[in-house]
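Number of protein chains: 4
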Amino acid sequence: MRRVRLGMVGGGQGAFIGSVHRIATRMDGQFELVAGALSSDPARAQASADELGIRSYADFAEMARAEAARPDGAEAVAIVTPNHMHAAPAVVFLNAGIHVICDKPLAATPAQASAIAAAARASRARFFLTHNYCALPMVREARALVAEGALGQLRLVQAEYLQGWLADAAQGKQAEWRTDPARAGAGALGDIGTHAWQLAAFVTGAVPAQVSADLSSMVPGRMVDDDARVVLRYASGAKGGLWASQVAVGQENGLSLRVFGSEAALEWRLQDSERLILTPKGGPARILTRAQDRSASSRTPPGHPEGYLEGFANLYSDIARIIRGDDGPVDRVPGLADGLSGMAFIAAAQASAAQGGAWVEVAP
Amino acid sequence: MRRVRLGMVGGGQGAFIGSVHRIATRMDGQFELVAGALSSDPARAQASADELGIRSYADFAEMARAEAARPDGAEAVAIVTPNHMHAAPAVVFLNAGIHVICDKPLAATPAQASAIAAAARASRARFFLTHNYCALPMVREARALVAEGALGQLRLVQAEYLQGWLADAAQGKQAEWRTDPARAGAGALGDIGTHAWQLAAFVTGAVPAQVSADLSSMVPGRMVDDDARVVLRYASGAKGGLWASQVAVGQENGLSLRVFGSEAALEWRLQDSERLILTPKGGPARILTRAQDRSASSRTPPGHPEGYLEGFANLYSDIARIIRGDDGPVDRVPGLADGLSGMAFIAAAQASAAQGGAWVEVAP
Amino acid sequence: MRRVRLGMVGGGQGAFIGSVHRIATRMDGQFELVAGALSSDPARAQASADELGIRSYADFAEMARAEAARPDGAEAVAIVTPNHMHAAPAVVFLNAGIHVICDKPLAATPAQASAIAAAARASRARFFLTHNYCALPMVREARALVAEGALGQLRLVQAEYLQGWLADAAQGKQAEWRTDPARAGAGALGDIGTHAWQLAAFVTGAVPAQVSADLSSMVPGRMVDDDARVVLRYASGAKGGLWASQVAVGQENGLSLRVFGSEAALEWRLQDSERLILTPKGGPARILTRAQDRSASSRTPPGHPEGYLEGFANLYSDIARIIRGDDGPVDRVPGLADGLSGMAFIAAAQASAAQGGAWVEVAP
Amino acid sequence: MRRVRLGMVGGGQGAFIGSVHRIATRMDGQFELVAGALSSDPARAQASADELGIRSYADFAEMARAEAARPDGAEAVAIVTPNHMHAAPAVVFLNAGIHVICDKPLAATPAQASAIAAAARASRARFFLTHNYCALPMVREARALVAEGALGQLRLVQAEYLQGWLADAAQGKQAEWRTDPARAGAGALGDIGTHAWQLAAFVTGAVPAQVSADLSSMVPGRMVDDDARVVLRYASGAKGGLWASQVAVGQENGLSLRVFGSEAALEWRLQDSERLILTPKGGPARILTRAQDRSASSRTPPGHPEGYLEGFANLYSDIARIIRGDDGPVDRVPGLADGLSGMAFIAAAQASAAQGGAWVEVAP
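Residue numbers (my numbering), protein chains in the order written: chain A, 1 to 364; chain B, 1 to 364; chain C, 1 to 364; chain D, 1 to 364.
Keep in mind that the hints are not guaranteed to be accurate.
Calculated pairs, DSS-like style, for lysine-lysine (alpha carbon to alpha carbon, straight line, at most 30 Å) [unchecked claim]:
id: 1; chain 1: C; residue 1: 281; chain 2: A; residue 2: 281
id: 2; chain 1: D; residue 1: 173; chain 2: C; residue 2: 281
id: 3; chain 1: A; residue 1: 173; chain 2: B; residue 2: 281
id: 4; chain 1: C; residue 1: 173; chain 2: D; residue 2: 281
id: 5; chain 1: A; residue 1: 281; chain 2: B; residue 2: 281
id: 6; chain 1: D; residue 1: 281; chain 2: B; residue 2: 281
Please keep in mind that the hints were generated in silico from the structure rather than gathered at the bench.
A quick note: this is a predicted structure, and the numbers were derived from the prediction, not measured.
Throw the hints in and build the complete structure from the sequences for me.
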């Protein structure tokens with residue numbers, strides 16, 4: 001099994017998600033990290049690269065040129081910068097024919113998203129978006145159950161992503177860029193709302209046609225939403241809700257999905273990520289575990305808890321497989337379409353909220 | 001401890017909630033059931049009364065007259081009929097000076113509600129509404145915690161009441177009247193949504209100023225809402241959501257309340273009714289049980305599960321106490337104000353839904 | 001439905017379990033409390049009886065004579081005294097032809113137990129023992145599942161009853177008699193261990209043939225066991241464990257049962273008494289609720305939590321039915337055999353512990 | 001941060017635990033796998049090594065010699081063979097001055113264990129034993145809480161490790177060697193009982209002085225125990241129980257620990273490994289998460305579930321740190337003492353069971 005040569009943009013010392021991506025690439029031994037433009041601060045970029053023993057670049061554009069020119073250059077690049085810094089490197093690497101693995105959400109603005117989309121469509125390289133939760137085994141099983149009709153006709157969807165860590169004025173690097181409209185584009189809506197949006201779509205196979213949103217900034221002085229309550233209408237007549245909050249005190253990472261059909265219901269919670277509750281009409285509820293998972297996306301027998309990092313690694317292993325051209329499912333790996341859908345969700349929700357909750361079409 | 005003499009309207013053989021009320025009156029031995037107009041079918045009324053060994057009336061108006069005239073007549077009457085049959089007997093008994101204990105929601109129409117309100121205001125008798133869930137010990141403790149400021153400033157409220165038993169076309173007496181607009185007035189919104197509305201108000205001490213609602217009838221041909229998703233705005237800036245559904249397959253009686261303040265959060269679920277989770281900012285979460293309850297509303301030491309019937313009985317015991325004029329808290333017993341608030345909620349939600357989710361003021 | 005006339009011995013003001021029995025008799029309206037010898041203190045006996053509006057006796061023997069002689073006298077008597085005071089009234093009432101409903105355990109000593117057994121066998125009256133937990137709907141369903149072979153061959157049983165309220169030296173009336181060898185006979189072993197023993201036998205239909213026990217008195221100066229760990233061997237080759245403790249700090253009333261067969265497993269916990277987990281070999285686990293209960297022993301639809309008091313009331317309703325001679329299951333109501341089995345368990349465990357954990361046969 | 005050069009014995013294609021060890025070594029990037037004697041089948045050994053891109057040896061003794069001689073040879077070796085194959089390579093590598101990281105239990109026989117102990121004591125190299133569960137953050141927090149006295153005086157311990165996968169006659173490589181007395185030494189007692197034993201000792205800081213055991217072979221024809229029920233006595237007067245089973249149908253990997261002291265209790269379950277319940281006397285229970293963890297042994301913020309593989313990786317990261325001589329805690333990494341204690345536990349339990357459950361001293 002050939003290891004894929006990987007570069008990274010962002011993720012220098014002190015970063016959070018860059019470290020998560022690196023662990024994910026290492027877990028299954030399918031990647032070799034070879035180069036990075038790890039920080040916009042040249043000294044930190046160099047020090048971070050030295051620690052990792054990889055080629056260092058002060059500038060991502062230079063990195064794209066140089067790596068594309070090397071026979072042993074990076075085949076793919078992970079972009080793990082704040083939202084407003086996704087588009088520029090993504091475009092450059094796509095143009096250079098290097099696959100892009102981009103953190104979510106796609107971008108901070110619609111214009112940035114469009115630039116990525118154009119580059120991706122024009123490039124022979126692929127574009128992946130790390131909506132990691134959809135790669136957890138029981139989420140994949142939930143999708144399979146819906147796809148095979150276990151729920152009957154879709155009726156109700158409730159997706160939630162609740163955190164409490166921004167209940168007070170932002171402190172620290174992670175909080176600061178996430179509450180800066182210029183760098184984040186949106187608040188809870190973009191940072192975690194897009195995860196809930198993608199998760200619901202991934203499992204149900206359906207995307208809402210219209211949304212009505214109420215966005216709040218509970219913390220005085222905050223310039224982005226920190227609580228987003230969105231009502232969903234599907235073209236099929238199904239209804240739903242999406243609630244994303246970063247001021248839900250006491251919630252660490254409360255992602256959950258409930259789906260009700262005419263024949264059965266599914267419930268999944270990240271906090272108990274290895275269990276999926278399937279309740280057929282008339283009951284009883286069944287506690288599905290990896291013993292019932294058919295996605296072949298775990299490393300240990302059921303009962304040995306896997307979680308967040310394993311989900312990320314599942315995504316990376318699929319990506320490595322696709323890059324190498326190996327067989328296996330492709331459509332379960334999120335990409336450009338998921339990214340554009342997330343941007344359309346943010347735009348529609350913001351537009352709705354600006355009009356006092358009017359129903360707004362979600363761009364297809 | 002003198003037993004309060006009680007009459008009942010509705011609750012004949014085959015009824016559901018009448019039986020629950022009778023159990024609740026018996027549990028603490030504070031009531032004596034003496035008379036009833038138990039059914040609109042005279043034969044069933046008589047047979048039901050005989051089984052209970054009480055005076056039987058074919059007509060509630062006659063019952064009000066006769067009982068008011070007897071020195072040993074009913075002091076209070078429980079009205080346990082379908083919604084559209086609350087107002088007429090309530091008015092008659094209030095006019096006769098007999099206390100009324102009425103099942104929720106207050107009425108099927110605003111006009112009926114107004115009639116009850118007028119009669120209640122004019123009467124020396126009291127009017128009680130059996131929102132039973134607010135009488136559970138841990139709900140009372142939740143209210144006490146909010147009242148003493150444990151949560152800080154109120155920010156987010158999420159109240160849900162999910163059932164699945166009406167996922168298909170109605171069958172049976174209980175389902176039929178609840179899905180008949182004339183008899184029920186509203187569907188899930190009135191039958192269980194008002195419970196969630198009252199519960200949230202009871203615990204938080206706050207009532208939303210505006211609502212935006214999306215009502216659905218998921219089952220073909222159904223004439224009332226069977227799924228209601230309501231967004232809430234409080235005058236204080238707090239936000240919330242209320243979700244009531246009777247097509248949430250697999251949910252038996254999924255009532256829950258989550259409240260987030262600036263300093264702490266509360267979570268309570270009927271399914272686990274003896275535990276209340278209090279999470280201060282920074283954690284850890286604390287699992288409160290009746291060992292921490294200060295409401296003195298239980299009959300057994302903590303750890304001996306009490307539930308639905310005990311909650312109902314707590315309400316009835318408070319009512320008996322108030323009727324007898326004994327000391328003790330009065331404001332925790334729901335009454336006319338709760339009933340009118342529930343009607344205002346139904347009206348505002350229906351008006352909002354009719355206008356495509358426009359924000360509608362909730363009448364004070 | 002005729003109400004059964006009931007007397008009570010013990011249960012005066014300040015008592016715990018007497019009040020529970022009275023609530024249970026009232027819940028379904030199948031009993032009428034008519035007489036009592038409610039306390040060994042004559043003044044308290046009278047005051048307690050007056051509060052309840054029943055005939056008062058200073059002495060239970062006098063009560064038995066007088067009630068047996070009245071045409072409207074008590075048909076049955078509930079004995080809710082401390083353990084050492086079960087036998088004397090039980091014998092007197094049985095001799096008088098009055099049915100006895102006795103709290104558990106059967107007695108404080110084997111001699112007392114034998115006296116009850118002799119009287120019960122000689123009497124035309126019936127003897128019932130209030131092991132209340134076995135009357136909970138999901139426990140009855142567990143028994144039905146085992147009986148119909150859902151578990152295959154019985155292999156492993158684990159019964160636990162953990163409390164923490166005696167973690168320090170006893171304070172208060174309830175604690176004092178329970179830690180007095182003369183009045184209690186045994187400590188945790190008798191007070192709650194017999195519940196676990198009966199529960200395991202009720203569900204599995206099997207009684208261990210031998211036990212090996214380690215009994216402890218963790219609190220300095222305590223004269224009875226406050227922690228009992230008992231290993232179980234069944235004649236069939238099945239194995240098990242029973243753990244009863246009253247020094248398990250933080251446990252309110254932690255009764256649970258786990259049963260593993262060759263084909264499936266069952267798990268039930270009092271804390272979550274309305275759910276029963278059935279896991280067939282190969283899974284998935286199924287969460288059974290009252291929607292799957294076939295015992296017809298509840299008052300409300302599934303999802304409306306019932307609990308401790310309802311379990312007690314289920315027992316009393318069965319007893320009323322049996323006394324009246326109505327149809328219905330008889331063998332699910334605990335009686336003399338359960339009481340004698342509990343005494344045999346206590347004796348065998350104490351004998352084993354005295355011999356350092358030697359295997360001791362449980363008397364049949 | 002220098003990467004430690006690692007070799008591996010066992011863990012060729014088709015193996016389970018070898019793969020887990022390799023993932024653990026990769027997760028934090030602190031090891032470089034350089035060489036292996038991955039299978040006793042030379043062809044499989046070579047193919048496995050080729051797949052991993054490492055030096056291959058047909059024989060572990062040759063590997064020890066060769067690697068010790070190379071300047072870039074393995075500094076440490078992971079031994080991931082069946083139990084009876086731990087001692088021979090461990091001795092050889094220790095003698096060669098190469099650190100040993102050995103899977104549990106220590107060995108299949110006391111003689112093998114003694115050989116390892118002698119070699120470890122004579123060597124300048126270190127010996128580590130991969131009891132992985134004790135490296136989970138909330139288990140480390142539990143240990144810290146006990147150590148600082150949060151529980152008061154230790155009273156009760158209950159450790160359980162329940163699996164159901166051997167409920168029928170063994171099928172497959174993993175099952176076969178584990179049920180072969182020659183290769184495994186013991187059944188459930190050794191394979192998972194030693195985990196429970198070590199976990200209890202790790203958290204409580206105490207080792208039982210005596211055990212009384214009942215061992216069963218529930219599956220006909222099985223030559224090792226598949227269910228072990230062990231009663232524990234501590235020198236301090238504390239009591240406990242350990243239950244290990246591989247025929248507990250429906251249990252995937254049910255490891256749990258409950259500890260009760262005079263002042264508070266702790267409860268932890270692998271199935272919910274990120275939460276630790278601490279209940280002080282008088283309550284309420286507190287749900288501790290990694291937000292309260294002080295062990296600095298996680299990679300992500302609390303609420304992003306970590307689990308089995310991360311626990312293994314925590315152990316490996318500690319081992320890398322120790323091998324490199326970096327600062328940090330040493331005593332939390334299991335080693336020879338844990339291995340010998342596990343062997344003493346197996347021996348004492350087997351001796352006790354052979355004597356019908358007699359109390360047997362656990363060798364210190």
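Taking the hints in turn, this is what the structure says about them:
no., hint, result
1, 281/C / 281/A, "23 Å, holds"
2, 173/D / 281/C, "20 Å, holds"
3, 173/A / 281/B, "20 Å, holds"
4, 173/C / 281/D, "20 Å, holds"
5, 281/A / 281/B, "39 Å, violated"
6, 281/D / 281/B, "23 Å, holds"
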